[in-house]
Amino acid sequence: MSSTGAVSRVWGGLVAFRGTSSRRADLWLAVAAFAMVGGLWQASTSFGWTSPQFLPGPVAVFDALVTMFRDQNFLWHIGVSFVRVWSAFLISLVMALPLGILMSTYRLAGALNEPLIDFIRYLPVPALVPLTIIWLGIGEETKIALLWMGTFFQLVLLIADDMKRVPQEYVEIGFTLGAKPFRILKDVALPAMLPSLVDNLRITLGWCWTYLIIAEIVASDSGIGFVIWTARRYVKTPEVMAGILTIGLLGLLCDQAIRMAHRRWFRYL
Amino acid sequence: MTGGSHLRFEAVTKRFDAPKGGIIDVLTPINLEIDRGAFVVFLGPSGCGKTTLMRMVGGLDTASSGRILLDGQPVAGPDRRRGMVPQSYSSFPWLTVAGNVAFGMRYRNDLTAAEKAERTAHYLNLVGLTDFADAFPKRISGGMRQRVAIARSLASGSEILLMDEPFGALDAQTREFLQEQLLEIQRREAKTVIFVTHDVEEAVFLADRIVVFSARPARVLEVVDVNAAIGTERTFEVKESDAFFRLRNHVLHLIRDQTRRLPPELTEAHS
Ligand SMILES: Nc1ncnc2c1ncn2[C@@H]1O[C@H](COP(=O)(O)OP(=O)(O)OP(=O)(O)O)[C@@H](O)[C@H]1O
Ligand SMILES: [Mg+2]
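Taken in sequence, the protein lines are chains A and B. Under numbering that gives the first Met the number 0, the first sequence is numbered contiguously, ending at residue 268. Under numbering that gives the first Met the number 0, the second sequence is numbered contiguously, ending at residue 270.
Okay, chain B solo, but in the shape it has when bound:
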């Protein structure tokens, strides 16, 4: 499978029924192409429809019109090729931390028990939870729970990772560390990642391309080619370069203009 876009959005729209009758348009026709192995960041005001669009890629929601093609095939329902790290905490309370990570490989028959155990240990270590392997989610912090979900989806080995604000609840150090690790895994295993964040710096640092959405109903405002602007090398020195700074400001302005257009209750809820 060479060439051709890996993921293709063709005039995808979504409308929900409003609670008091009427309809809410969340996505106006979205056209987008994502290459295999690309790291794409979705950026946009709160409530614009990023989660909705990502869920449709995962097969957890259906488009109102238009379609999403994965290697030329329309997405129909969820499967193991697209792994999710949801926005809310999603570790299973009845499994230990290690049990949760191992659950990511539960339905993989191509791995032996020993391989599964090894991968579990590896990804636990990667997210810094080795010492908490036997703890139940109730007993660990919110950020740690989020790391469990990240480790689980990495361990599952899906080709496309859908990550909805995965680092939102983490402290700055853990966040930077996991950003680096994620980039490394993504490049080494040539994974396609769609990543939602509200942190512009994180977006610029991680992305090959940033898709900036308008306020709801979302349309693609701009697709920012990060590699063209700052190159493919991503070390922490890059964050201090002028190119990085300029790109960050550019994206920041795009977002600011959109946020001002939101009704007041939405901007508040976002902060």
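Pulled out of the complex, with its shape left as it was, chain A reads as follows:
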């Protein structure tokens, strides 16, 4: 039968060492993984393996989510979180891009900044919360500052690395064709590093969400983190879980959107 042949061909690609797959097969596998975890979750509540106090079932969580959207302005909280993440992220990016590029282009900038940034990068963001609150109070600035500290220093080093990996041959070709350093950056280095840059931005954006929740838990009266933390105070476990799932879902959507853009923009890879 031909359909058996097709199945075994797809299967062969999936299990071969560095084998290939189709978008369709990937999608189905992803759905299957979600369904399996969801099924286990449902089973654990239906069969009473866990108490609903600790692990409410999918239905209860979904109900909680609906209530949150209807009665607690959850959409607005999501919006607030979204704006915080993206503004901190964009500020970090705008600052990190020139600095990172400069650091791998001119040794002076690299040698001055690398050790310093490496040091700051290892300071855990939660440890900086008290200081940030002392300095900036508990307004919007504090949250943005915390997110910025979590992303900017990581991003600078990632961008510097991307730039460093641009093959020297490309740069030399640019020079022998008459380009000046700035044109080399713009016409050669930037396009050469762009695919890995976009990948790194995608990963950093994920970290940014992590810091957001920390910031919103300790110093906020709005945002997804705040909602989760408030629900915890009243032991509303379904709402806590609904909040967590929302973050995961938003992350998944962002990530997939960027991946899709990546495939579209960098078809030549």
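Accuracy of the hints is not assured; some may be wrong.
[As the list claims (entries may be wrong)] Simulated pairs of lysine to aspartate or glutamate, EDC-like, Cα-Cα distance not exceeding 20 Å: (1) B:LYS238 <-> B:GLU188; (2) B:LYS115 <-> B:GLU158; (3) A:LYS179 <-> B:ASP224; (4) A:LYS179 <-> B:GLU179; (5) A:LYS163 <-> A:GLU113; (6) B:LYS190 <-> B:GLU221; (7) A:LYS163 <-> A:ASP220; (8) A:LYS179 <-> B:ASP78; (9) B:LYS190 <-> B:ASP24; (10) B:LYS115 <-> A:ASP186; (11) B:LYS137 <-> A:GLU168; (12) B:LYS190 <-> B:GLU232; (13) B:LYS190 <-> B:ASP224; (14) A:LYS163 <-> B:ASP224; (15) A:LYS185 <-> B:GLU158.
It is worth saying that the hints were derived from the structure and are not from the lab.
Please build the complex by placing chain B with the ligands on the supplied structure of chain A, with the hints as guidance.
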């Protein structure tokens, strides 16, 4: 600018720091003169320093001592007068084949957009890639990518072409065709070419003069005057002449003696 040598190497040396301390002498004092419009082939055992010397002409590397003069001026950094076809593939993956060739003229303000488009088409056709104009480098073969780099440097119109084993990855037919084309362009446009190859036959066929280097540290073993031996006419019949054959054997022997002197790991890496 008449008379005087176009390119002049004055006691050029190069030493690198060895990875485990100490130093590697790559070039012992090199003295050489190259006339405007000459086709000069560098020939020598693998690892002797041909690429290094060529990069110094391009301004991409500096001499440890001595200097290279271009029309009397010491070379200081790369510019558009000396175009490179590097040894490794160097087409930009984010540009199409045509985009890569056009990039060669990106910084030329003396050409109009129409002229650039015309030149792009011309050189694409010359290297036989017209049908692949819109393909990305990833989708074409290694030899085709090398042809893109050749077309790009020809299109850029630099006076001196530095070509590091440009035809190494090509099949025999394409290679012969491009050899002929390169000679024609070089003579018509009076370009100065420095060309590295390991193929002695190619060297004799293309060169006005062949500079044969010793094993590392490289010194000039002999400068072979090809024109004196086989004349300036270069057609494929020439390749069958006795003079061509004798010269080829002479150069081959020079090279063989040097290759035997290499440490075993180097000879292996070369083959
Ligand atoms: N940046 C570097 N640092 C240290 N040693 C180097 C460096 N670049 C080249 N060398 C050494 O210089 C020598 C000459 O290298 P080069 O690339 O010029 O050889 P080549 O004649 O072009 O060889 P091939 O014919 O194999 O291309 C080699 O032995 C190499 O190990
Ligand atoms: Mg070489």
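Quick rundown of the hints versus the structure:
1. B:LYS238 <-> B:GLU188: Between LYS238 of chain B and GLU188 of chain B the Cα gap is close to 24 Å, so the pair fails against 20 Å, i.e. violated.
2. B:LYS115 <-> B:GLU158: holds, 18 Å
3. A:LYS179 <-> B:ASP224: violated, 38 Å
4. A:LYS179 <-> B:GLU179: Cα-Cα ~34 Å, so violated.
5. A:LYS163 <-> A:GLU113: holds, 13 Å
6. B:LYS190 <-> B:GLU221: Cα-Cα ~23 Å, so violated.
7. A:LYS163 <-> A:ASP220: Given pair LYS163 of chain A, ASP220 of chain A is violated - Cα atoms ~42 Å apart, limit 20 Å.
8. A:LYS179 <-> B:ASP78: holds, 9 Å
9. B:LYS190 <-> B:ASP24: Violated: LYS190 of chain B and ASP24 of chain B sit about 31 Å apart, past 20 Å.
10. B:LYS115 <-> A:ASP186: Roughly 17 Å separates the two Cα atoms, so the pair holds.
11. B:LYS137 <-> A:GLU168: holds, 17 Å
12. B:LYS190 <-> B:GLU232: Distance of about 17 Å is within 20 Å: holds.
13. B:LYS190 <-> B:ASP224: holds, 18 Å
14. A:LYS163 <-> B:ASP224: Judged against 20 Å, a Cα distance of about 44 Å means the pair is violated.
15. A:LYS185 <-> B:GLU158: Judged against 20 Å, a Cα distance of about 26 Å means the pair is violated.
The structure is inconsistent with the numbered hints 1, 3, 4, 6, 7, 9, 14, 15, although it conforms to all the rest.
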